[in-house]
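A.B. asks: Fit chain B to the given chain A structure using the hints.
Number of protein chains: 2
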Amino acid sequence: MGNKHGSLENMERERLIPSSLEQTYGVHEDDGEVKACGCFCLGSIRKKFKGLWSNLRAVVVNSWEVARSDPRKVVFSAKLGLALALISFLIFWKEPLPDISEHSVWAILTVVVVFEFSIGATFSKGLNRGLGTLSAGGLALAMAEFAHFCERFGAAWDEAIIIISIFTVGSLATFAKLYPTLKAYEYGFRVFTLTYCYIMASGYRTNEFMGTAVDRFLLIALGAGVGLLVNVGIYPIWAGEDLHNLVVKNFFNVANSLEGIINQYLDCVEYKRIPSKILNYQAYDDRLYTGYRSAVESTSQEDTLMGFAIWEPPHGRYKMYKYPWRNFVKVSGALRHCSFMVMALHGCILSEIQAPADRRRVFQDELQRVSTAGAKVLRELGNKVKKMEKLGSLNILDEVLKAAEDLQTKVDRKSYLLVDANSWEIGKPPIEFQDIQDISKTDDNDPFKYHGYHSFSEARLDLGTSRSPETTNLPFAGTNGFHKSLTREFSFKPERMVIQDEGDTYKSASVLSLVTFTSLLIEFVARLGNLVVAFEELSETAKFKAPPAEGRVEEEEVCGFWGRFWRFVKPRDRNDNLLA
Amino acid sequence: MGNKHGSLENMERERLIPSSLEQTYGVHEDDGEVKACGCFCLGSIRKKFKGLWSNLRAVVVNSWEVARSDPRKVVFSAKLGLALALISFLIFWKEPLPDISEHSVWAILTVVVVFEFSIGATFSKGLNRGLGTLSAGGLALAMAEFAHFCERFGAAWDEAIIIISIFTVGSLATFAKLYPTLKAYEYGFRVFTLTYCYIMASGYRTNEFMGTAVDRFLLIALGAGVGLLVNVGIYPIWAGEDLHNLVVKNFFNVANSLEGIINQYLDCVEYKRIPSKILNYQAYDDRLYTGYRSAVESTSQEDTLMGFAIWEPPHGRYKMYKYPWRNFVKVSGALRHCSFMVMALHGCILSEIQAPADRRRVFQDELQRVSTAGAKVLRELGNKVKKMEKLGSLNILDEVLKAAEDLQTKVDRKSYLLVDANSWEIGKPPIEFQDIQDISKTDDNDPFKYHGYHSFSEARLDLGTSRSPETTNLPFAGTNGFHKSLTREFSFKPERMVIQDEGDTYKSASVLSLVTFTSLLIEFVARLGNLVVAFEELSETAKFKAPPAEGRVEEEEVCGFWGRFWRFVKPRDRNDNLLA
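Taken in order, these protein sequences are the chains called A and B.
With the numbering used here, letter number 17 in the first sequence gets 1130, and the count goes up by one each step, no holes.
With the numbering used here, letter number 276 in the second sequence gets 1389, and the count goes up by one each step, no holes.
Quick caveat, the hints were computed from the structure, so don't treat them as lab data.
Here the structure is a predicted model, which is why all the values come from computation and not from measurement.
Ideal placement from N, C-alpha and C gives every residue a C-beta, glycine not left out.
Don't take every hint at face value.
Only pairs whose alpha carbons sit at most 25 Å apart, straight line, appear in this in silico SDA-like list of lysine to any residue [as the list claims (entries may be wrong)]:
1. K1385(B) - E1215(A)
2. K1296(B) - E1299(A)
3. K1296(B) - E1649(A)
4. K1296(B) - H1216(A)
5. K1296(B) - T1485(A)
6. K1390(B) - F1230(A)
7. K1390(B) - V1187(A)
8. K1296(B) - F1262(A)
9. K1390(A) - M1501(B)
10. K1390(B) - D1416(A)
11. K1503(A) - K1390(A)
12. K1362(B) - E1649(A)
13. K1296(A) - D1398(B)
14. K1656(A) - G1420(A)
15. K1658(A) - E1299(A)
16. K1435(A) - K1362(B)
17. K1390(A) - N1440(B)
18. K1296(B) - H1428(A)
19. K1296(B) - K1435(A)
20. K1390(A) - F1657(B)
21. K1362(A) - T1294(B)
22. K1296(A) - L1169(B)
Now the in silico label distances, taken between C-beta atoms and shown as ranges [claimed, not checked]:
23. V1382(A) - M1433(B): 39 to 47 Å
24. D1380(B) - H1428(A): 50 to 58 Å
25. V1382(A) - V1174(B): 55 to 63 Å
26. E1512(A) - K1296(B): 40 to 48 Å
Only chain A is shown next, with the shape it has when bound in the complex:
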């Protein structure tokens, strides 16, 4: 197994890891080096063994990591092994029904095929397999009878009928499989085709159509029964619970992203070089980026999990027939709608046009308040979803709406700071107005007081030096002249405008970009309302419990000695930032 692992892993590396990564992670192909002194000299053999050994060690270490990060995988593997071992006792069956041993292989195969990670997937596949086998068996028996009947007209007739029927059934079932709305039953159609062909082929040879079909079906039922019993009976893994956890995780991820982005924006931290993976929307390990990306990207995973969850019987905390899993996905969709705004906010950090630091500081308090309140709402909703509690009478949006309102008012009152009056075509405004633009930096509420005034020209100079124009992550930057990004087009193209104008245009754009940032943040807050609506709908349909009354010690479901013990030793504030 170890060797197999290794070879497969190498193939994997060759195929799936892009060359850039190989350099980063040191996946070199030194082992393939062929030396002139001969392939099989002792040194090279030793080297190969060493390589094999280190590969093996890496596999063991990685497996340990995988097992530790999700122990359910180990449990599931052991469960499958157990089910297989149980059912393979059939091989040694002797009396009273010797046929059982002969067809035991079907029961074993069924266990392998039906045993899926989550209970929902197991049920769904099991039902598909059962239906496919039953209907194909029925059809095959009927066709076999018909072929036998036709045999009297000539020897070749039954063969022709069997082949034609196989062609027809195969084609129709395959077309049905490709039919868009029947995609969920793809596996069923595959099993249908398989079973039909199998019964036709093996039945024709032994002329025991009926026996083949019935034996097979009984043993498949036995295999499915043992598989289900083991899978559901021992540490069941529920797709619904996975979906629930995924939605909760998304809430906390987006909240973290939001806070991080606003903090980074206010600290004026820029990317020295924007990772090309972000520019191409590929997976990349950046705290701000992964937060909202995971929420945006989880669509297909959610759909898959929901597809399985609806097959699962009521269980655990989901004690309701027809549990509204769809509403979980809906809440997650509403959250995604919010996280697109977080993504757009991140876009402001990625952009080449950056608002000057002093203007950002003017709105620092308000931006910070909206960010904190917004993230708090997300975390609170996430916790509510997690604990399956209703919202209660308190208005969860109160604080964030107030903060957004204050931000909007401040923007409104200070919007003269967000425009650059220098190049107005209506002529420059009176001199007092210009001065105010600079003086305003020393707002009394501003914690970052300047100790002296910059003159207007100095301020522009600052702006020029603080923005390093070396965000060059464009691999083909040298080949053609036009790959420079827009800003640099503006800034470094002497043939278009005179330098003075370019600086002004850039300055105006950079000042206005603060407006964009605040507008996007306010739009984010507006979208929170829709998220709350989706949550309320979920909490109604899924019959979430009422929140504990204020002031009362929160009652939790405590069961058994260990539960009481945990209640005794647990830290007080375990609900805050549990998943942060």
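C.D. replies: Relative to chain A, chain B alone:
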């Protein structure tokens, strides 16, 4: 079959159509009504037959639609039927090797299992199956020998060894299947487990381990051979081509979305009621929305297609060993990065805070130019990807950069129109400046000249009436007071501010929202640069052909009589908006 279809379709409806839709589309469950007069009266039977008949008719009509929209599905189904029919001749095989007929079923099963829609998937599955079978066969034979060897120590030893080995192999292979980097080989591990158990079970009974393994492998090879031959030989369907087309389609979709959004913005068309599906980011049939959504949502489809495409041999226009499919996905990722900006632009239309129409008109020409030029760049790049041509010496971004620059300059020169000076804390600006804010509507370049001035208060009144605050798609709007969206919080909460202030805040926000729109559009243009870089990289690595020299009639690959005929009759301008 018809009945099966029908019943499956009903299940589909029950499970997959949300109850709200059922009401809309008239999927009623009238048929289930049980009347007091008895279940089996003639009327109800007739009704049932009628229902069955209409169901059947719907299935046929829909199937015809599916077949017409993608005829490859029909071809593929027929191909599978043909391969099955060919291989099932083995059933009737008599001499010289009677064993063939006995094991023929394996060849048939292999055809069903390996035959996948695209060639890449077929190769990938075939290899997985081959490797899985071979390695499991080898291991099973070795273990069987070992079990036989141990039999001499006691009768139960071999049974114990077989069961323990099945448990171990099953568990380990399952764990490997769940190992994140080995996900692509999941099917291989499943086949490995299956084969191992099968050989152990059937070999133990007949004591013909070797025979079972070799026979099975030969027939599987035969089945795989016939399957591959038919699948590749007759009208092959390439995953690579699908990926290529998908990427091209995304370009045109995003371009359409962009143009549509800018037009709608300039025409001041608002959603009367924003569809809740858009708010929850679910699929919804809206021209602007589907355009960028399809580009954003195609990530997983692209990954799947790429996973298959890398298995495909050089073919058709992709005549290169190790074709850089990864770069197609990268280009699509860069396009996605752009389309997030288009999505944010759409967000401005969805937002409650809307810029006043007169201000939009001031920037109408510039916005329109950027939109047209941007969409043109996207379409041109899409066409280049489609025709696999390099960019050539012309700067594709020239026009859109110029347009964006002009827009930026105009914003710069007219930024006094983008702020509302009424509530500045530094006191109102001199009266001339205020007047200018209104007068500026009558810009000479503005095609929408006003015939009279509104006084300031009238303008505000207009604003209040033109914005209908009835965008109420909030189902729980009545239950709690705080589900109103942000704007309405601002506008209709008398306890927070005096009405005058609220109107001003809203007005200021609405005027500033135009800044957001233009900034986002300019950021979109900036991101186009990155897209061009990704395209250039693709065109280099995939060795796209040089573009035809200007003025020369475009040469196309014309092959055979029908090609020349088509060239003769085809419409001239077939590349424009081909996929639009």
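A.B. asks: With reference to the structure, classify each hint as holding or not holding.
C.D. replies: Status of each hint after checking the structure:
1. K1385(B) - E1215(A): The given pair, whose Cα atoms are some 69 Å apart, is violated under the 25 Å limit.
2. K1296(B) - E1299(A): 20 Å, holds
3. K1296(B) - E1649(A): 37 Å, violated
4. K1296(B) - H1216(A): Given that 25 Å is the threshold and the Cα spacing comes to 32 Å, the pair is violated.
5. K1296(B) - T1485(A): 39 Å, violated
6. K1390(B) - F1230(A): 31 Å, violated
7. K1390(B) - V1187(A): Violated, at roughly 39 Å.
8. K1296(B) - F1262(A): 49 Å, violated
9. K1390(A) - M1501(B): 24 Å, holds
10. K1390(B) - D1416(A): 15 Å, holds
11. K1503(A) - K1390(A): 40 Å, violated
12. K1362(B) - E1649(A): 38 Å, violated
13. K1296(A) - D1398(B): This hinted pair holds, its Cα atoms lying about 21 Å apart.
14. K1656(A) - G1420(A): The given pair, whose Cα atoms are some 21 Å apart, holds under the 25 Å limit.
15. K1658(A) - E1299(A): The given pair, whose Cα atoms are some 38 Å apart, is violated under the 25 Å limit.
16. K1435(A) - K1362(B): With a Cα-Cα distance of about 39 Å, the restraint between K1435(A) and K1362(B) is violated, given a limit of 25 Å.
17. K1390(A) - N1440(B): 12 Å, holds
18. K1296(B) - H1428(A): 29 Å, violated
19. K1296(B) - K1435(A): Violated, at about 32 Å.
20. K1390(A) - F1657(B): 23 Å, holds
21. K1362(A) - T1294(B): The hint holds at about 23 Å.
22. K1296(A) - L1169(B): 19 Å, holds
23. V1382(A) - M1433(B): 39 to 47 Å: Holds, since V1382(A) and M1433(B) (Cβ atoms, about 43 Å apart) stay within the stated range.
24. D1380(B) - H1428(A): 50 to 58 Å: 53 Å, holds
25. V1382(A) - V1174(B): 55 to 63 Å: 59 Å, holds
26. E1512(A) - K1296(B): 40 to 48 Å: Hint holds: Cβ distance 43 Å, inside 40 to 48 Å.
The structure does not agree with the numbered hints 1, 3, 4, 5, 6, 7, 8, 11, 12, 15, 16, 18, 19 stated previously, though it agrees with the rest.
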